[in-house]
Every structure is written in structure tokens, then in C-alpha cells.
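**Q** Okay, here's what each chain looks like letter by letter:
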Amino acid sequence: MPKSELELPYRIEVLSVLDETGHLDQALEPELTPEMLPRLHRTMLLGRRFDERMLSLQRQGRIGTFPPIKGQEASQLGAVAALEANDWMVPCFREMVAQLWRGARLENFLLYYAGFDEAVAIGAEQHDLPVSIPVASQLPHAVGLAWSIKYRNQPQVAMTFFGDGATSEGDFHEALNFASVFQLPVVFVCQNNQWAISIPRHRQTHSRTLAQKALAYDMPGIQVDGNDLLAVFRAAREAVERARGGGGPTLIECVTYRMSVHTTADDPSRYRTDAEVEEWVKRDPLERFQRYCIDKGVLDQTRIEQLEQEIAAEIQEAVGRAEAKMKQEPDPMDLFEHMYDQLPRTLVEQREAFTRQLAAEREEARHG
Amino acid sequence: MPKSELELPYRIEVLSVLDETGHLDQALEPELTPEMLPRLHRTMLLGRRFDERMLSLQRQGRIGTFPPIKGQEASQLGAVAALEANDWMVPCFREMVAQLWRGARLENFLLYYAGFDEAVAIGAEQHDLPVSIPVASQLPHAVGLAWSIKYRNQPQVAMTFFGDGATSEGDFHEALNFASVFQLPVVFVCQNNQWAISIPRHRQTHSRTLAQKALAYDMPGIQVDGNDLLAVFRAAREAVERARGGGGPTLIECVTYRMSVHTTADDPSRYRTDAEVEEWVKRDPLERFQRYCIDKGVLDQTRIEQLEQEIAAEIQEAVGRAEAKMKQEPDPMDLFEHMYDQLPRTLVEQREAFTRQLAAEREEARHG
Amino acid sequence: MAKMTMVQALNLALRQRMEADDSVIVLGEDVGRDGGVFRVTDGLIDQFGENRSVDTPLAESAIVGMGIGMAVFGLRPVCEMQFSGFSYQAFHQIESHAARLRRRSRGRFTVPMVVRAPYGGGVRALEHHSESREAFYAHIPGLKMVIPSGPRNARALLVSAIEDPDPVIFFEPKAVYRAFREEVPEAEERLPLSRSQLVREGRHVTLVAYGAMVRPTLEAADQLQAHSGIEAEVIDLLTISPIDDELFTASVKKTGHAVVVHEAPKSFGPGAEIIARMMEKSFYYLEAPIIRVTGYDTMFPLFAREQWYLPNARRIARAVQETLKH
Amino acid sequence: MAKMTMVQALNLALRQRMEADDSVIVLGEDVGRDGGVFRVTDGLIDQFGENRSVDTPLAESAIVGMGIGMAVFGLRPVCEMQFSGFSYQAFHQIESHAARLRRRSRGRFTVPMVVRAPYGGGVRALEHHSESREAFYAHIPGLKMVIPSGPRNARALLVSAIEDPDPVIFFEPKAVYRAFREEVPEAEERLPLSRSQLVREGRHVTLVAYGAMVRPTLEAADQLQAHSGIEAEVIDLLTISPIDDELFTASVKKTGHAVVVHEAPKSFGPGAEIIARMMEKSFYYLEAPIIRVTGYDTMFPLFAREQWYLPNARRIARAVQETLKH
Ligand SMILES: Cc1ncc(C[n+]2csc(CCOP(=O)(O)OP(=O)(O)O)c2C)c(N)n1
Ligand SMILES: Cc1ncc(C[n+]2csc(CCOP(=O)(O)OP(=O)(O)O)c2C)c(N)n1
Ligand SMILES: [Mg+2]
Ligand SMILES: [Mg+2]
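Chain order of the listed sequences is Z, Y, X and E.
Just so we're aligned: the first sequence equals residues 1 to 368 in my numbering.
Just so we're aligned: the second sequence equals residues 1 to 368 in my numbering.
Just so we're aligned: the third sequence equals residues 1 to 326 in my numbering.
Just so we're aligned: the fourth sequence equals residues 1 to 326 in my numbering.
For reference, chain Z alone in the conformation it holds in the complex (with noise of 0.2 Å):
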């Protein structure tokens, strides 16, 4: 047969769980524990409205630039309710939500976007690394992590995010090939919102799919309704669990939507409607899994409520919290830390004539 076709036997699944008219595939229901039920519309419920708490202050100029989640909730708590909290999880820059179901406190998000190099710090026992903003470029880090887990037989997995248009990197390319290669323990997580800033989703990349890409590494990939909190529960525990039974990487795509602007600093009228906007508000997925909460009855309208106030009280004391330590003025030798383990002598040198700079000027400012 000289000219004959491949049997590739790859296939790219797509799956939804609970659609967005609130229809359940019950077949397909992951058993989330009642426990896990609340935690998770708890968890979702504060990071919408912290989103939108941080959305406000940064109107009035009281934090700087950030990029909103919402919209996202759903595809990115799906995604890390699977892992366990000693898997590592790589974050991009829009993973908040993410990140609070990991134990990040939300006072270091205010302190962070208003320019506070403190609010990095991550405590000992986290096994998440920092916000990375080069796009891409945290997948070889999730890959890395991966290779010493297994080299280590750890039975732990690495979870990492990006977005749409990170897959058009050259390192979610090689991070791919090498986790495919090596057969690593690491779930690769695409939160496609659509949009890359302004590009939309259709112009970033020629494929129908983004799951697809994975089918250049005989990798696993699938396609998840992403404002659906099961099906990607349910896909990423099945990534995981694969991972962490030595079956190697998955390439999740979540099909979600950026209901917000790309950060305070984009104006998405430039690009896109408002009628597609509308289109997906429909789809919120919030309101889709609290529903399904109602409905398995761990959770009815008077415990909303109550959550809400809860909600709005926590996190009007981490505004307190972190605007009392931004009127503080942070200290300027931090300028001067955390560069290496042991400051080499020019920077010792470069610290002590900053020293005396700042003496100088207060010296001056004493005396007018």
C-alpha cells in the first residue's frame, strides 16, 4: 500500500458534565464529598468576589495593575481540586482562585499588584511557585518537577496553567515534547478564555482545538467544558491520577471565557462585542455549580447569603490589613535582598552607598 493512511490511534474526547441549562450527566458525575462540595462553591464564590473587590480598588487607583479571573473560577478550582496539597502547582499570572484553594492569603494579591515585593513570599510547606508573567515559560518548570518526582519516586504529580495563547510559545512546545519524552508525572492546563489580550482564540492558532496539540507528542489531550466545575474535575483527577500512577502527561484544554478585561489596563471595546460578552455570561459558571450544589442540597438560598457576608467581611479585613501595610513606607534596603545567598561585594557596596544616599536625603529633608 505505497500510498496508504496512518492509523493513528489518537482521539481527542470532549466532555461536559453539567451543562450550562443545568442538565447533569449523571453517568459522568465525579463523587465529590460533601466536605469538598461547599469548600469548593466557598472557594469560588470568594475568589468572584474578591475579583471584583480588587477591580474596584484598582479604579481608585488604590492597587495597581492585575488581571481579572472572572469568568474562570470554575476551570481553574476543577483543575486544582484534584491535586493533593504536596502536588506542585506552576501558575501563570491568572490563577487566582487557583491559588486561594492552595492556602495564598488574600491580603499578599492587594499587596502584590500594589507593588509590594513581600507579598511573594510562599510559605514553607506550599509546593506552588510564584506568579510567572513570561507567557509559556513556567510549562519547563512544571516539566522540571516533574522529572525529579519521578526521579525521586515521589507519588506526587505537577500541575501547571497557561492560557490560549501561551500554546503558540515555542516552550509549551518543547515543555510537551520533554514531559512526553521522559513520560512525566505533570498535567498540562490550558484556561482557553478566548482571547489572548486581543487576539481571539481562532487567530492565535489554525487548529480547531487546542486539546489536538496534544496528539504532536502522543500525549493525551482532551477538551473540557471549562465553565463546568465537574467535567474539569473529573478530567484533571483522570490526568492525575494517570500522572501519578506513571501513565504520563494529559494536555487539558479548558473552553472557558475571559468575562473581564485582560487587566485594568486593557480596553477589550477595541476588539470585541458586547454581544459575545453577553453569550458567555450566560454560560457563568458560578451560578452553574452553585446551582448543582442547591440541587445535591449542601448548600439553599439562606447559606448563600450568609456566605456572602462572610465573604464580603473576610475580605473587607484583608483590604484592611493590606492598605495598613501599604501606607507603611516599605523598607528601601529590600532593594538589596533575597538577590543571592550570600550578597556579593558589589552589591555589599552598592547597598552601603545606598545607605548613605538615603541618610543624605533625610539629612536634606531635615534641614528643607
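DSS-like cross-link-like pairs, simulated, lysine-lysine; straight-line CA separation at most 30 Å:
id	chain 1	residue 1	chain 2	residue 2
1	Y	296	Z	3
2	Y	3	Z	282
3	E	281	X	253
4	E	325	E	254
5	Z	296	Y	3
6	X	325	X	253
7	E	253	X	325
8	X	281	E	281
9	X	253	E	253
10	E	325	X	253
11	E	325	E	253
12	E	281	E	253
13	E	254	X	325
14	E	325	X	281
For the record, the hints were derived by calculation from the structure and aren't laboratory data.
A quick note: this is a predicted structure, and the numbers were derived from the prediction, not measured.
Given the structure of chain Z, go ahead and fit chains Y, X and E with the ligands onto it with the hints provided.
**A** Chains Y, X and E with the ligands only, in chain Z's frame:
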């Protein structure tokens, strides 16, 4: 259908026309004109003999390190044979015979590998980029050429070459994605010669084929027997025609073999067996195509012997011309040539200092 | 003549070059419909269409690599890196190809390409959005590295960069983008990519700066004059590389003292080259050590601390006083 | 003690560190079965297996990026870039992550990684195989940039680099790889990554060099002594960044004259930083302009011309005579 399989209209074709036993699939046989066949055969033979000669020159220390092409002649020639002269050809560093077909001169290869910058001169009419050594980095250039062709509505295409190892680099991915997003007239020809220095193909990537990487971009991908000039030509012609007709890019994987060393600095006995090489020697592309030409009646044993003599003489003359040039001391001032359109003052000064230094050294040499 | 910000002036340069020459193509992330995240390419897509103001996928190496192919073909690509801190993804394309194709083809192929990138601090930005690493590009033979300091010279330099037959890395100081306006004539102006400019005459000390640092340097010069009668001469480099050392060596021969200012980290930064050249060419005129006022050899801090990282008029003035003490 | 080439000495350093610490992992293109294209990792795969001497796919960004992940996890990756000219594909990983993760996590994560790369000319190599661009890495805060000059210090520095808690870019001079042998003791030696070394004492002029340039510099010193009685002091930097300026500023205070030598292009090269520091710290002792003997601001030529590009003893000696004329 909440968990469903995506109907991906993709397939990877595998193409072979004239197999290693000499069996010809007439239905697939491309019509190569009676002028083309002997030209192709002659170039193939020239490439093989010149490669052998370069190897012996290198072993004698008469030229420096170079990458032999032995075994990849059909794969290269079949592809460029589908191009017109003013189509763009963007080589990697192992396309000697493709470059010969496109008009490169034998002695320039010798001079280049003897370290003479002059040898990289490219004729004003040639649409061939110079050799590109950083693996995969030339692919985006072909994309840029193809973008320009489309922008200027030219009836051209761009074809670029690279190895199996190159498919791991980020630039491969980025280039294919751009080509597909902009639907550009570019043909990506992968010379899968099974090895990237010491790394075998199956450790370079975990996918069954390299051709299937096209699926990541919804681009046609085809795997061809790279030792079968007819198959390569057929696939390349189809891709070139599609590109020229506005049908966008194609990825062609030529399955071939690096019969020789990676470069003359390499020692393959460290990482591969002679038995493997033997297997591939049986599939020698030159013999296979030669037999075909004989069957076609455009060649016979007498003509082959005559050709061998012609070619030996042609190579001998080129070696003579090249070595004559090598004997002349290269002009040191050339260091400062072709750096900028107008040499900046900093470099004018450096050139003057260099001139003074040379003069002083000559002076010193004269006076002992 | 209209009063323009640097963003508007750059936009004007692009627009007029695109009107004059259909081989000028703007490409990059969000440069089309969005007009660039800083709006430098605003409106170009409406006037010239999406084939001239090209929104690309998110991949810097491919943007520059594609630009190289376009330039080799004969077009004049103007690539945008969204921030200079993301140009490193394209570093190999710039170092290994853009800077080399002329010589690698003995002049048959050239790369008349501009790579634009906003750089520098002072705009309360996120990590990677405030760095000044022009030294990386200044150290690459075959490139030109240009940094304007105000709307009018930005426009003129960008026109020259686009017309230049060689690849130009063009860093735009974000802190200046909208900081002030200048008269920018409608008719195209050009500035050579080989000349620094005297922006203030003086006889006591030579101050060398570029980009966003020119303003605090001038401010320091004013303060020094006002408070201590020190007359500082200020030189704006404009082109970092190939460096123009004529003006500053001549100046330092006159003044005997110099202070060099940049945002970039001190060590192995552009200031070192300026000092080395003053040393080589005006050594016997120097009366005191030349001082560098620069960023520190640290990560650029998040913005709550950026005022301490960035040189300012006060630090510059103090350095001048220090060097004049000798 | 055995007489070893630099390749053998580096191999010894890796082997002993791998024996002592199973978190030391070598990775890169062809480092496993092939033992590296220069055989620096020869035999490691046999002794430690393919999980410790890891052949990776051909992708520099992923090699370094994976190394970063490994280092964060707690391993000590030693990444090989096959040639320094191909490290640019990983430039963003080095600049934007390796150098920053410590500060970006307030010390929670560190990157105790070494990126090894053969660099420099003089070995009749192809394009991209001869460059010296250490200045790129020296200008990145958060990194250390180390270049040994001989077998024994190469071994000691590599041991220290592997043990260092911070990322180290380790350039190995190809021209020295097999050029000569030195006694290298079996027991592990270490050298601090913060100290240059006096390799020849002298009182008339200070010569600063590193890597492959140390040998021609010493040769020049010998010639000068023999033919003109000039006693040159020679300093081998060893660590380029963070730079050790104590030794060379002290030396130039003594000699009043200096010549700085490197293969890298002159402009914005490491020599500029050395001169700037001599200026800052020993200005009043300088008797003449400091001269740079360096590569030119051109592409490194193909090898038929490399002897003209590279500094040699003759050029260095002439520069010394020139500076002493003053
Ligand atoms: C390497 C790099 N290039 C450019 C940018 C600027 N930038 C920040 S976010 C972004 C778009 C990212 O899109 P996507 O990956 O889809 O993630 P999303 O923002 O939608 O979450 C761009 C271009 C960057 N941060 N890094
Ligand atoms: C970016 C880059 N990394 C590393 C190298 C060193 N190198 C030269 S050829 C080669 C292997 C290339 O393999 P492949 O792409 O299969 O091409 P082949 O040599 O088999 O023709 C390597 C690693 C290089 N030239 N460029
Ligand atoms: Mg997106
Ligand atoms: Mg190969």
C-alpha cells in the same frame, strides 16, 4: 453527548512510490520529464561523490569540520526538484545536494568548510538563503518569505529544510503555527535521518511520526519514504502546488537515514551499531533511483561510467580551484566587510587600528 | 506643528512611513485591532488594513524571525515586542540572524528591520515590565541600538530606523510615552543613527544620559546651576550602539569631570562603555573619577520601591557634587 | 595527582560531585551516550545511568527551564548548552527565571543550577561556535558568570559552581579544552566564585584577562620581560560577575598602567566594566589610558581569519608598550 469524541478530519498519509526492492507503484509514479530524470540522477551522483571527496579532504586536514549528506540525496533532491528557480529555498546545514541543484558551486562548499567567508557569496539571482546553523531557527525566515510572497502576490513559494532534531525546538512550533494562521505558501521539509547527533528519533519525541505534528496546526502532514526520490518529489510537488494555489502550508516528513557521521567531528560508534547502518545501506537512495533511470531507459551502464568520470573531473577541478584560493592568504581586512551598509565610526577606528597593527607586524617580520 | 506625546509622535512616524512606502509593515502582538498595548500603532489597521498592521500569534521568536524573512524578501518590517522584557524569547533570532545575515550572505541579503520595544521603569508596572537591558543589544555587532528621549527625536529616529538598511533595536522609554508633549512638525524629520546630541551646554561637568534619564539629568543640571552655580553640559546619546563617542569625549576634555546616568544595572551596563571611551580618548583631561548613577545590580523591584531603584535628579546632582569635590 | 586536560578535569569534577551527591544531575543534548560533543560528560552515563546523565531532546529553553524546575525541587542540575552560541534559545529562561526565582519567592525557592557552555574561538569551528558573549550573562543580576582558564582551576570552579546555592553560568574555553595538561589532585578542590587570582607578579603594568586569553597574556608578559624588562602583573578574573575588583584595582594602584584583554567584541564588553572600576577606584594612580585588547565589533569570522580576530601575545605586548609610552 457529554463525553464524546471529536471528529477530527485529519489523517497522516504515508507515501512510497518506488520501494527498496525496486517495486514501482505505477499509479503513483510522477511524470518526470526525460530531461529531468538524467539531471536529477547526475546531481545525485555528483552529490554522493562530492560528499565522499569532502570526507577524504577533511580527513587529510585540507578542509575543516563539515556535515556529510550521504543517504539523504533523494530526500533533498526530490523536494527541491519541485521548486522553480525563483521559489525561495531556506536550507539548514545539511542540504549540500539540494543547494547544488539550485546552482551552488562545488568550490564554495570547500572554501566554506575551509573557513573562508568569501564562500558564502550568493548570486544576485539566487533565491537561496545561506546555511543556517542554529537548529530550527531558519523556519521563521521561510515563513516571513512566504508572508511577503503572499503580500506581494507573487507566484512563488518558500521551502525550508530541517532535521528530525529540529522538530523539538520552539522555533519549529512557532513557525508552523504562524504559517498555518496566515495560510502561507511554505513547504516544511523535515529530513528525518533518524539521528540528531547521538539522539535517536524515538528519544527526540514520543510521537509515532513527525508528520503528525502538522495536526497541531490543522496543516496537511505527510510521511514519505525519503530514500525514494519519486515519492519525495510527488509529495513535494503536491505541497508546492497547494502552496502556490493559495492552499497554505504543508509539513513533509522524509524518512531517510544519515549513513555517515553527524559531522566529521563525530564518532557514531559511541551510540549506534553498524548493523543499523547496514540495514539502511540496503535502502540506498542513489542505487534505487539509478536502477529506475536505467529501467526508464534514460541511463545505462556505459553512461554511468562516463558520468562517474565527468563528475570525478568536475570535482577535481573544483578542488583545484578551491585549494588555489586556500593557498592565497585571505585578506585580513575582510573582517570589517559586510557588517553594516555604512561602516560606523567605531568600526572605522577599529579597522584603522587593525591596519596599523598589521603594518607593524609586517614591519617586525621584515626586521626579524 | 502639533504638540504631541511620544506615543503620538511614534504613531505619526509609522503612519507617514507606511503612507510613503508600502513595504513598511507593522507586526506583533496586539498591534492591529488593539493598536498596541500602548497605542503606538493606533489606527494603522484602519488606514492600512490587517496586511500592513499585522496581529500575530503570541510568539516573539516567530515575530522577529518572520520579520527577518520579510526583510530578506525586500520589505521593511517593524516588529513590536510588547515589552523589552519579552524580547529575550527572540534573542537568538536577533543575535544569530538579524545581526548576521548581511555578512553571512556577503551583502546579498540585508535585514532592514526595526524591533521596537517599550523599556524602562517609572510606570508602576508588573515584573518584567520595567527593565532596561539595552546593553544586551548594544554588545551585538551588526545591530544598531537606539533610544529616543522625547517626542520629537523619537519620531525622527524612528523614521531613520525604518529607512536604515540595517537592523535597528529601538527601545522606547515608557516613562516618557505620555509624560510630556513637544512640537512635532508634520513634515518628516530624520536624525542620524550615529550621533548623540548636546542638549545643554556647560563647562564644569559632562553628564551623559539617554532615554527616560535625560529629563532627570536636565533637572539635576538646572538645580546645580540654580543652587551652586555649577554649569553642567548634558549629552543625550540617542543611539547607544554603534556609540558616538566624539561628543562626550570632546565635552569631557572641556569639563574634566563626568557623570554617566542610566536605569540599567550598573555592572556591565552601557555606562561602563562610556567611561572606558572617556578613559581611552580623554584620559589626560580627566580631573576626577567618572561616576555612574545607575540602577543597582538587583532585580528591578515591584513598583512600591521603584523610586529607590531609579536614578533621579537628586542622586545625579549629588554625584556631580561628589565628582567636583575632587 | 594526574596530568589532565581541562576536559578531563571537568569530567573529574562532575564525576566526583555526582558520586558525592545524588542530587547532581547532568542534562543536555548528547551528554549521555555520546559523552558530550567535547567528551566533558564522558563515561558518566555508564557510572550513573541515564537518569543522572540525561540525554534530552534538542531544545535549549526546555533544557534550562527543566533545570530550573529540578533546582526548585531540590536537585542540582548541571545543564549543558552544546555551544554558548546556542544558549540564546534559553536566554529568557536564564534572565527571567533562573536569575529571579530566589527573589520572586523571597528565598523560598532557589536555583542551584549550573549552565555549562563551551565558548570562544581558536578551534577552527563553524559559525556560532566561536563567540565570546559572557557580557550578556555578566549583566544579569542574580547570576554568577564564571570562566576558568586551565584544567586545575576549571575543576575547582566547577565543583564550587555545582555546590553554589545560586545559578552559575559556566563558560569553558574550547581553545583550552585540550591545549595543555596540569596536575589536578584527586581530592576535590574548590575556588570561591568571588575571587580573581594573581597569576604573575609585576610592577610596571597590570594585565587583566580570563579564559583562553590568560595564556597569550602570560606569553606577552614573558616576552615583555625578556625583551624589554617590563614586568607585567597578570590577573586572571576567573569569575566575571559578580566581579572581583579588589585585586585589579590594588594592582593598578601599584603599576599605574593597565591593559585589559578579552575575545569578546570590544564595545560594551567586559573590558569596559573593568576599566570603569579602575577609573572609579584607582583613578588617582593611573598614569596612562587603559587599553583594551579585544575582539572587534564584527561577526566572528570563519576560521581562516580567526587568528586576526583573536587577541594574541603580540597584540597584547604592543598594547603594553603603547600604554607605557605615556
Ligand atoms: C513572552 C511574553 N510575551 C508577551 C507578554 C505580554 N502578555 C501578557 S498576557 C498576554 C496574553 C496572554 O494570553 P493567554 O495565554 O491566552 O492568557 P490570558 O491572558 O488570556 O489568561 C500577553 C501577550 C508576556 N507576558 N510574555
Ligand atoms: C540551537 C542549536 N542547538 C544545538 C546545536 C548543535 N547541533 C548541531 S546539529 C545538531 C543535531 C541536529 O539534528 P537534526 O535536526 O536531526 O539534523 P541532522 O544533523 O540530523 O541533519 C545539534 C544538536 C545547534 N546547531 N543549534
Ligand atoms: Mg487567553
Ligand atoms: Mg537528524
